[in-house]
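Visitor: Going line by line, the protein sequences match chains A and B. For what it's worth, our numbering labels the leading residue of the first sequence as 1, then goes sequentially. For what it's worth, our numbering labels the leading residue of the second sequence as 1001, then goes sequentially.
Watch out, some of these pointers could steer you wrong.
What the hints assert, rightly or not - Below are the DSBU-like pairs computed for lysine-lysine, each with C-alpha atoms no more than 35 Å apart in a straight line:
{"id": "1", "chain 1": "B", "residue 1": "1413", "chain 2": "B", "residue 2": "1329"}
{"id": "2", "chain 1": "A", "residue 1": "6", "chain 2": "B", "residue 2": "1413"}
{"id": "3", "chain 1": "B", "residue 1": "1329", "chain 2": "A", "residue 2": "6"}
None of these hints come from the bench; they were simulated from the model. Keep in mind the model is a prediction, meaning the values are calculated, not measured.
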Amino acid sequence: MSIGSKDVLHVAALAELDVPASELQALVEQLGRIVDYVAQLNAVPAGEQAAPFLAGPHAAPLREDEIRPAPLARGPDAIAPEFRDGLFLVPRLGAMEDE
Amino acid sequence: MNAVATIANAVGSGRTSAASAAREVTRLLADADARGLNATLHWSATQVAREAEEVDGRIRAGAADLPLAGVPVALKDNIVTTEAPTTCGSRILERYVSPFEATVVTRLRAAGALIAAKTNLDEFAMGSSTEHSAFGRVRHPMDPDLVPGGSSGGSAALVAAGVVPAALGSETGGSVRQPASFCGIVGVKPTYGRVSRYGLVAFGSSLDCISVFGRSVDDAARVLAVISGLDSHDATTVDAPLPPAAAEARPLAGLRIGLPREYLPDDLHPGVRAGVDRAIARLRALGAIVVPVSLPHTAYAVPTYYVLAPAEAASNLARYDGARYGSRKTGTAGDLRGLYRATRGQGFGPEVRRRILVGTYVLSAGYYDAYYRKAQQVRNLLAADFSRAFREDRVDLLLTPTTPTPAFRAGEKTADPVAMYLADIFVCGASLAGLPAMSLPAGRSDGLPVGVQLIAPAFGETRMLQAAAALEAVLRGDEEVR
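All chains, full assembly: derive it from the sequences and hints.
Guide: So, in structure tokens, the structure goes:
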């Protein structure tokens, strides 16, 4: 098994995801199985200089650098959990964690 | 429900009305819901009637060019609309209604189509069985104990059940072709860049393609022609619209079809193998030349996909944090990070959480080169395999099975994520290479549909659809293959 509970909790913190203690062991096993499975890619002799694949057209189309109106059917006040005076409201950040 | 061309011709010529098509589709949607397919997440008879009234008004005013006049089309619920919620099958977007409309929706409506329903899906399009929806699993129309495939299982089930003649799904790694094969219908994934992704909720941005289901090649091709083409809202689109008559069957004499040996393993389900053999025989009878080819990196397509897609998903789904839209959970800490973690931890389902964790892991310090960078390199090798077959082996199209087995039973693969991922083994490659590919019914094995896949060079949809139409005419997809 390539992954332990410490790894899962570390990655969950990076991903800003709560992981309930009751699900931790199952996640350790499932992520270990997935990571072990994808590790077979290391057997492929790709070469250090092999270029990464680029999806889509090779040259992205360019346009004038100008602001275009984006008409919306409803404003952020209609879809935000809390919105006031043009601002999204959230709790304070709190103390930084040592991760 | 009639074929796309039949409805469009009848409504466009005034022989019937879009209002009549709207009444018919709402009756069929109600029947499908009563059957317990669980294929729809939102639909409204009032809204469909309103859309039909507008189409009928345009026709009365003399509008002549409405290629989808009165044609009901269902949308996977990760394609945004302004009238109905777009949930992505997730609690985290349970009541979210988009402030803008996807380009494909605008184009469908401009062509006279009726947006009939938003369909159920694996949460955020992550899955191969449509068992991972927060709103319950979708049932296969032929047997409720089976899965319809996924992640676009709701759209596939509605088309297969005859509720709508065509539907949109989305593909990141086979999520239209695989359910099309399981449900015995046609599923077409276009070249990456052929169809705008504007308004498709992002999963894996270098892979995502809005794709089409139809009951026939012609049905799917007519819808694809309407939604394809350049869009200033999506910089990856290419100015390459598809001609409306792309699916007219053409003689196949002299067409070279490659048969990749890596797609025909010894342990392939015998019914699937029989479907492929039958397609080969019919292609040869039509004058096509079928030759063996090799795509040597095929075995690495699934592991490559399951590094890159989760990595892109981990990045794309970072936006669901409870701050700007969607549901919010405050958590016990009472601070901002507590809000993020509670919202995401409780809002996402198990498969999405798993993929976010895998994606974050392969992108994290110390693992990036070993997993993500390596997978990017292997993706290049997979694309080069296809290029070599088309250029050096001089094949026009590739023929493969779409799936390793017919539809499987619900619950059969949910405990082992890797077993579920391997259901996509024959469809991942074309997605990673950005190529057009499609599944069409090849027959039935013990009563269950099996499909064959055609893969074409980039922007080779017209030749692929023409060959598929010719093959469809002689395959008889409802016949037993053994």
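Visitor: Decide, hint by hint, whether the structure agrees.
Guide: To see whether the hints hold, each was checked on the structure:
1. B:1413 - B:1329: holds, 31 Å
2. A:6 - B:1413: holds, 27 Å
3. B:1329 - A:6: holds, 25 Å
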